[in-house]
Amino acid sequence: MRVVIFSWEYPPRIVGKLAEYTSALATQLVNNKVETYVVTYHPYLTGMSEEANGVKTIRVANPVRTHIGVLTWVLTLNQEVERATANIYYPAQKRIDLIDVYDWHFIPAAVTLKNALGIPFIYSVESLEDHRSHSANTPFNMAIKSIEWLGFYEAEKVTAKSEWMRDEIERIYNVPKEKVQVVFPTAASWIKNVLKLYEAAAGGATPR
Amino acid sequence: MMLSWEFPPRVIGGISPHVYFLSKSLSKNDVKVYVVTCDFPGAPAHETIDGVEVYRVDSYKNPSPDFATWVYLMNLNMQKEAAALAGKLSDEIDVFHAHDWLVATAGIGLKHVFRKPLLVTMHSTEIGRRDGIHTSTEKMIHETEAWLTYEAWKVICCSDYMVSHVKWAFGLPDDKLVMVPNGVNTTVYENIQELDCKPFRSAFALPEEKLVLFVGRLVYEKGAQVLINAIPRILEKVNAKFVIVGSGYMKEQLSSIVRSMGLEHKVLFTGFVDEETLLRLQSCADVSVVPSLFEPFGIVALEAMAAKSPVVVSDTGGLSEIVDHDSTGFKVFPNNTESLAWGITKILLDDKYRNNIRQNAYRKIQEKYDWDKIAQRTKRIYEGVLSEYSKSFWA
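Going down the list, the sequences are from chains R and X. Using the numbering used here, read the first sequence as starting at 1 and increasing by one per residue. Using the numbering used here, read the second sequence as starting at 209 and increasing by one per residue.
Everything labelled a hint here was simulated from the structure, so no lab data went into it. Computed from a predicted structure; not experimentally measured. It is possible that some hints are incorrect.
[As the list claims (entries may be wrong)] Lysine-lysine pairs mimicking DSS-like chemistry, simulated, CA-CA at most 25 Å apart: (1) 418/X <-> 474/X; (2) 94/R <-> 296/X; (3) 179/R <-> 192/R; (4) 33/R <-> 157/R; (5) 560/X <-> 418/X; (6) 269/X <-> 157/R; (7) 33/R <-> 161/R; (8) 572/X <-> 236/X; (9) 179/R <-> 269/X; (10) 17/R <-> 157/R; (11) 56/R <-> 94/R; (12) 157/R <-> 296/X; (13) 445/X <-> 474/X; (14) 599/X <-> 94/R; (15) 576/X <-> 375/X.
[To be verified] Facing chain X, according to a computed beta carbon distance under 10 Å, are these residues of chain R, among others: (16) 63; (17) 68; (18) 82; (19) 89.
[Claimed, not checked] Computed Cβ-Cβ distance ranges for the label pairs, DEER-style: (20) 580/X <-> 170/R: 56 to 64 Å; (21) 178/R <-> 599/X: 47 to 55 Å; (22) 182/R <-> 595/X: 48 to 56 Å; (23) 12/R <-> 483/X: 55 to 63 Å; (24) 164/R <-> 599/X: 51 to 59 Å; (25) 182/R <-> 216/X: 46 to 54 Å; (26) 253/X <-> 69/R: 29 to 37 Å.
For glycine and all other residues, C-beta sits at the position ideal for the given N, C-alpha and C.
Let the sequences and hints guide you as you build the complete structure.
Below, the structure written as structure tokens:
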């Protein structure tokens with residue numbers, strides 16, 4: 001299986017807990033014979049590299065350096081994520097089995113890749129805008145929520161790290177419970193659960 | 209596949225008619241064109257117009273804090289819909305053709321996801337519109353334009369002036385730039401009889417007044433303020449009514465200037481008018497004035513010439529190339545009220561001169577700005593790009 005992880009943070013660029021988690025996940029996937037790529041952001045360490053643990057990373061920078069907010073920053077970075085993913089897809093006989101997207105930032109790229117090339121994706125929720133900005137409903141917050149909604153709508157599967165988050169996803173976005181799977185990051189069967197989920201979601205989208 | 213943020217009936221500026229006529233004329237020249245554009249109340253999500261497949265996407269799906277962010281969010285939806293469409297058509301799409309930065313991110317993403325060449329027509333630039341880059345928003349847009357021209361296989365500009373401007377603004381190599389003029393549709397004016405003018409113009413001007421027409425967005429670079437400041441000088445020589453068609457952020461400011469000058473009875477702000485009224489106004493005006501300070505092309509001058517209205521234009525940008533002074537129009541110094549007043553007065557007072565200019569202008573329009581010829585040139589550019597592409601590792 002060939003999997004691409006989208007995450008806006010990944011070592012050495014650490015913003016919060018997500019970098020550590022996606023790094024551990026990528027390492028475990030490689031150990032379980034999954035061909036694993038990570039597409040992430042870095043302001044200057046751009047390009048493809050293979051780490052000692054076998055994970056292949058592609059780091060992209062934003063071609064537009066001046067921004068008026070995180071939204072414009074994200075929305076101009078997604079094209080580079082698409083380019084990086086196309087650079088994996090085409091040399092690999094046009095086959096990527098699954099994309100696993102962490103949080104809303106790279107949802108636009110995942111949605112386009114699904115619609116264009118039929119690559120299914122999982123939306124893995126680390127946090128939600130409604131919690132980050134405490135029910136704020138300015139156009140700025142609502143725009144981010146609309147991207148999160150798009151992700152829930154277009155994803156094959158959604159993952160949450162707790163039962164509470166699964167309830168919140170259902171409460172805020174009306175996502176049916178059966179679409180959301182809880183993957184406890186501390187469970188002994190953690191990577192097995194992830195692999196099972198990947199198997200179920202891969203090839204789920206209509207191939208084009 | 210063409211991407212444009214406006215397509216009739218959604219008309220905001222010159223891109224909408226440009227994409228409309230270009231796609232139709234390309235279709236006539238055996239190019240299958242798909243246009244993906246923004247939605248408009250009452251317009252269908254999909255329709256076929258003379259062989260052109262038009263798809264309208266929900267462009268107000270996402271709440272947006274400001275215009276620039278709206279543009280990028282709209283691009284998200286446009287890219288998604290275009291991706292689904294192009295994916296369904298599999299290999300049918302040969303090139304993506306974007307119009308301006310307003311569809312930059314959608315176009316760039318589609319290029320990479322499908323690995324097909326991207327072309328862009330730069331109708332304007334932020335640095336030109338704002339006469340420099342002053343704010344973060346302007347800088348962001350400028351950088352987006354730079355990125356778009358970088359990603360494009362060819363950059364099409366509508367005038368020699370824009371070619372050199374775009375080359376300067378983004379540091380592009382010569383062989384990436386190509387000039388294809390804008391076209392104008394003369395047939396729509398043919399139906400308008402000159403006999404119609406008398407009753408029609410009475411809604412705008414007194415019988416003894418000459419009708420001076422300005423058509424354009426009421427924004428700084430279009431220079432309506434220059435015309436208004438020239439009015440007292442013109443009225444010294446000739447009795448005229450100044451009809452100002454269009455809307456924009458300067459509208460209130462301009463009407464208050466007119467009030468303070470005591471010229472309310474001489475200036476009529478019509479706002480945005482329907483197409484039929486516009487065509488008639490252009491056909492019945494005694495002179496059409498284009499006093500722009502910055503003008504990448506100047507389609508409104510071409511339209512006036514096609515309507516057989518004599519034109520007075522500022523000698524700047526694309527206008528300099530459209531109009532030959534004393535032959536197909538009258539050129540004046542940009543942002544110069546005395547010069548503008550001189551030009552307008554000359555045309556209004558000298559009948560022989562006026563008629564001469566009208567005839568020459570109409571002839572030039574038919575020779576140089578015919579949409580069919582422009583579509584053929586555009587098709588040749590597509591073919592050239594595809595032949596280069598066929599030798600690349602993407603093919």
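Chain X contact restraint for residue 82/R - C-beta distance below 10 Å: holds, 5 Å
Next pair to validate is residue 560/X with residue 418/X; report whether the Cα-Cα distance is within 25 Å. holds, 16 Å
Consistency of beta-carbon spacing, residue 599/X to residue 164/R, with hint 51 to 59 Å: Since residue 164/R and residue 599/X have Cβ atoms about 57 Å apart, the given range 51 to 59 Å holds.
Does residue 161/R lie within 25 Å of residue 33/R when you go C-alpha to C-alpha? holds, 24 Å
Verify the proposed pairing of residue 599/X with residue 94/R, using a straight-line Cα cut of 25 Å. holds, 20 Å
Please work out if residue 94/R and residue 296/X have their alpha carbons no farther apart than 25 Å. holds, 16 Å
Closest C-beta approach of residue 68/R to chain X relative to 10 Å, hint status: Holds. Min distance 5 Å.
Take a quick look at whether residue 157/R and residue 296/X sit within 25 Å of each other, Cα to Cα. holds, 23 Å
Measure nothing beyond the straight line between the CA atoms of residue 445/X and residue 474/X; if it is 25 Å or shorter, mark the hint as holding. Holds - the C-alpha atoms of residue 474/X and residue 445/X are around 14 Å apart, at most 25 Å.
Under the criterion that the straight-line Cα-Cα distance not exceed 25 Å, is the pair residue 33/R, residue 157/R satisfied? Judged against 25 Å, a Cα distance of about 22 Å means the pair holds.
Straight-line alpha-carbon gap residue 179/R to residue 192/R, limit 25 Å: Given that 25 Å is the threshold and the Cα spacing comes to 19 Å, the pair holds.
If you draw a straight line from the CA of residue 418/X to the CA of residue 474/X, is it 25 Å or shorter? Cα-Cα ~11 Å, so holds.
The structure meets every hint from the earlier list without exception.
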